[in-house]
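Engineer: Okay, here's what each chain looks like letter by letter:
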Amino acid sequence: MLEINNLYASIEGKEILKGINLTVNPGEVHAIMGPNGSGKSTLAAVLAGRDLFEVTEGSAEFLGNNLLELSPEDRARMGLFLGFQYPVEIPGVSMVNFMKTAINEQRKYNNLEPLSASDFLKLMREKKEIVEITSSLTNRSVNEGFSGGEKKKNEIFQMAMLEPKLAILDETDSGLDIDALRIVANGVNKLRTKHNATIVITHYQRLLDYIVPDYVHVLYKGKIVKSSGKELALELEEKGYDWIKEQY
Amino acid sequence: MSAENDKILTEITENDYKYGFVTEIETETIPKGLNEEVVRLISAKKQEPEWLLEFRLKAYRHWLTMKIPVWPHLKLPEIDFQDVIYYAAPRKTPKYSSLDEVDPELIDTFNRLGIPLEEQKHLAGVAVDAVMDSISVKTTFRETLAELGIIFCSFSEAVKEHPDLVRKFMGSVVPYTDNFFAALNSAVFSDGSFCYIPKGVRCPMELSTYFRINAANTGQFERTLIVADDDSYVSYLEGCTAPMRDENQLHAAIVEIVAHDNAEVKYSTVQNWYPGDKNGKGGIYNFVTKRGICKGDNSKISWTQVETGSAITWKYPSCILKGNNTIGEFYSVAVTNNHQQADTGTKMIHIGKNSRSTIISKGISAGKSQNSYRGLVKVLKGADKVRNFTQCDSLLLGDQCGAHTFPYLEVDNETAIIEHEATTSKIGEDQIFYCNQRGIDTETAIGLIINGYAKEVLNKLPMEFAVEAQKLLQISLEGSVG
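Line by line, the protein sequences give chains A and B. Everything in the first sequence is counted per the numbering used here, starting at -14 for the first residue and increasing by one. Everything in the second sequence is counted per the numbering used here, starting at 208 for the first residue and increasing by one.
Keep in mind that a hint or two might mislead.
Footprint (simulated), chain B over chain A, 3 or more residues, beta carbon under 8 angstroms [as the list claims (entries may be wrong)]:
id, region
1, 33 to 44
2, 98 to 104
One side of the interface only, derived from the structure: several residues of chain B facing chain A at Cβ under 7 angstroms [to be verified]:
id, residue
3, Glu261
4, Phe640
5, Tyr641
6, Asn643
7, Gly646
8, Leu655
9, Gly659
10, Tyr660
11, Lys662
12, Asn666
Chain A is nowhere near these chain B residues, computed Cβ spacing over 10 angstroms in every case [what the hints assert, rightly or not]:
id, residue
13, Pro276
14, Pro370
15, Asp437
16, Asn469
17, Arg594
18, Cys642
19, Arg645
20, Thr649
21, Val674
Hint data in this document are derived by calculation from the structure and do not stem from the laboratory. Beta carbons are placed, not taken as given, at the ideal position from N, Cα and C, and that holds for glycine.
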């Protein structure tokens, strides 16, 4: 589904990603861990198409397409979803209107008719239950005045609505209390099928108690320096990142 | 470059302003320049009565003593008033009794603008007075309205058929001495719309005037006069467009509204004059005086405007709240892009007791444009228990544009409660990217954000107009982010 080969990216001349290799298949959950500043969020942003970053070398294929040539909106319409670390507020634009526009843009791209108002509302009701969010949240402007936890739940709600093939969750656990963490993780688990894949970016093992990964990768200084099964996360929790830093 | 290439290029570059075409039609114009003879000539061409000529001449003589205002936050280029043609009319008989007599080119023009003149084709519930250059082309649904005693016709016809009404109210809200452009308009105005709603009548359809400048080097100077008698109601719409031309064209209009006891007038404008090209070449200079008086008790005047066009806009739709318990409202969205400049706002003059006013102004600036809100809230001594609420927001796109706010308060009565709120915000690249990541392209994203921002004002527009206005906002700001 996703095939990253020797990917280099920089911002304002500063190289952040230095040769990433990663393969993600349908049905898999990958966790990317690593200390601050190792390039985790940059990788997520580059895959989503943020133009702040310049890809200088390497390739990324998504569902057989050259991902790096596609506009951010086309990547999204094809089924790539980024759960933002810091979701932005868009005052004046209601969640309902925002989501309806997003869904119908995706449908248009896939040659489907736009959803009728009643089908859309029905879909919204269903998906809201997955992340246990209240009606009032979707009546408000996008993320405006949302608490940290509400913003993250709202990301998972949008993921549920858009049903992506590949979801990249960038530090979705940061700023969540234990109840919110459980709700967010449950949401992700409920959306998991053998046809879609998830990349979870996190600092902490904690989230991986709830979202159990098939693979854990350690990103350090712009490179994946270690890949293993879920036990790697526990090892990192126990030993910290220092032993990695010493090795590389 | 081949002609075909040329054509494609023109199509693409002109895409942003879709009303920029010119109608090839025989036009009768008078020579450039302005003097007493020209004023007399215009009056004679329109076969006007002596009193109207006198009014024009007095206005002209007064205009000569005035200077162009320098207080707006606008870089005003020198305007050579002798280089303007003050009267242009599509040739052929200016009065059409049936649509068959109207030049097909003209019908086609208004069809292309989305303003069909055939009544059966028209949007149900909207009567139109179409004005091209100096002449009213056609007024629809006149007979239907006449059954209710509503007069809706061109200004010229009103002068002939309802001289008493015109004479009584013309200049009563905006006297020719009011300002430089009002004096100029009063001297040379060509046509416009007249509307009278009799006592107790609720006008069953939206009335609208559609203004189109077509001829080159021509100024458009029209007047609109709306009189709402006791207990009546009318909703009035105004739309305007012009071809794309390299030179600037002058538009100086007057709108006067009189609301008697318990009457309500809602006036909505979607102003889409040609704004000039991306480098600031061409475009309409729009200097408009709009004012309404809530003359009778419990009357209400509501201005809603969506301003996207013109190279320069100078316009302050105002309310004189003379009666007791009167209400004045001003809802405005003003968009400036590229090199456009706008200095717009309102004046609420509270004279009557318990008079209330609401001002919601939303400025959106992009490109290298300058966008200013200028508003006056004035409470006179005898006006007890006045209330005003003003909200004045600015939205910036990019870092080369300017947004300015000039609120003036003059309060001579202690019982007044005046509130003023203001915000400034920016559309951030991170907001756009967030939308992109959900599959929404940049253009649509800006549309969403802008329409969300302007929602409070757009909600005040009549239905068909609101949809038009939403699209217009989006088109005006295309290419201004990212």
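Engineer: Each hint: holds or not?
Structural biologist: Hints, one by one, checked against the model:
1. Coverage of the region 33 to 44 of chain A by chain B holds in this model, with 3 residues showing a Cβ closer than 8 angstroms to a Cβ of that chain against a need of three.
2. Evaluation of the coverage hint for the region 98 to 104 of chain A: breached, as 0 residues show C-beta separations to chain B shorter than 8 angstroms, against a requirement of three.
3. At its closest, the beta carbon of B:Glu261 sits 52 angstroms from a beta carbon of chain A; the interface hint therefore is violated under the 7 angstroms criterion.
4. A cut of 7 angstroms between beta carbons decides the hint on B:Phe640: the least distance to chain A is about 6 angstroms, and the hint holds.
5. Because the smallest distance between the Cβ of B:Tyr641 and any Cβ of chain A comes to about 5 angstroms, under 7 angstroms, the interface hint for this residue holds.
6. Look at B:Asn643: its Cβ gets to within about 4 angstroms of chain A, closer than 7 angstroms, so that hint holds up.
7. The interface hint given for B:Gly646 is met, as the beta carbon of that residue sits about 4 angstroms from the closest beta carbon of chain A, less than 7 angstroms.
8. Taken as an interface hint, B:Leu655 checks out: its beta carbon lies about 5 angstroms from the nearest beta carbon of chain A, inside 7 angstroms.
9. At a threshold of 7 angstroms, the smallest CB-CB gap from B:Gly659 to chain A is about 3 angstroms, leaving the interface hint in force.
10. Against a cut-off of 7 angstroms between C-beta atoms, the interface hint on B:Tyr660 holds, since the closest Cβ of chain A lies about 5 angstroms away.
11. Restraint check, B:Lys662 versus chain A: the minimum CB separation of about 6 angstroms is within 7 angstroms; hint holds.
12. Because the smallest distance between the Cβ of B:Asn666 and any Cβ of chain A comes to about 12 angstroms, over 7 angstroms, the interface hint for this residue is violated.
13. The non-interface label for B:Pro276 is consistent with chain A: the shortest C-beta to C-beta separation is roughly 34 angstroms, beyond 10 angstroms.
14. Under the 10 angstroms C-beta cut-off, the non-interface status given to B:Pro370 relative to chain A holds; the minimum distance is some 49 angstroms.
15. The beta carbon of B:Asp437 sits about 40 angstroms from the closest Cβ of chain A, which is more than 10 angstroms, so the claim that it is off the interface holds.
16. The beta carbon of B:Asn469 sits about 35 angstroms from the closest Cβ of chain A, which is more than 10 angstroms, so the claim that it is off the interface holds.
17. Every CB of chain A is more than 10 angstroms from the CB of B:Arg594 (nearest about 26 angstroms), matching its label as outside the interface.
18. For B:Cys642, the condition that its CB be more than 10 angstroms from all CB atoms of chain A is violated, with the nearest at approximately 8 angstroms.
19. Some Cβ of chain A comes within 10 angstroms of the Cβ of B:Arg645; the nearest lies about 4 angstroms off, and the non-interface call is violated.
20. Once the 10 angstroms rule is applied to beta carbons, B:Thr649 is inconsistent with being away from chain A; the minimum gap is 8 angstroms.
21. B:Val674, annotated as away from the interface, keeps every beta carbon of chain A farther than 10 angstroms; the closest lies near 15 angstroms.
Going down the numbered hints, you'll see the structure goes against 2, 3, 12, 18, 19, 20, while the others check out.
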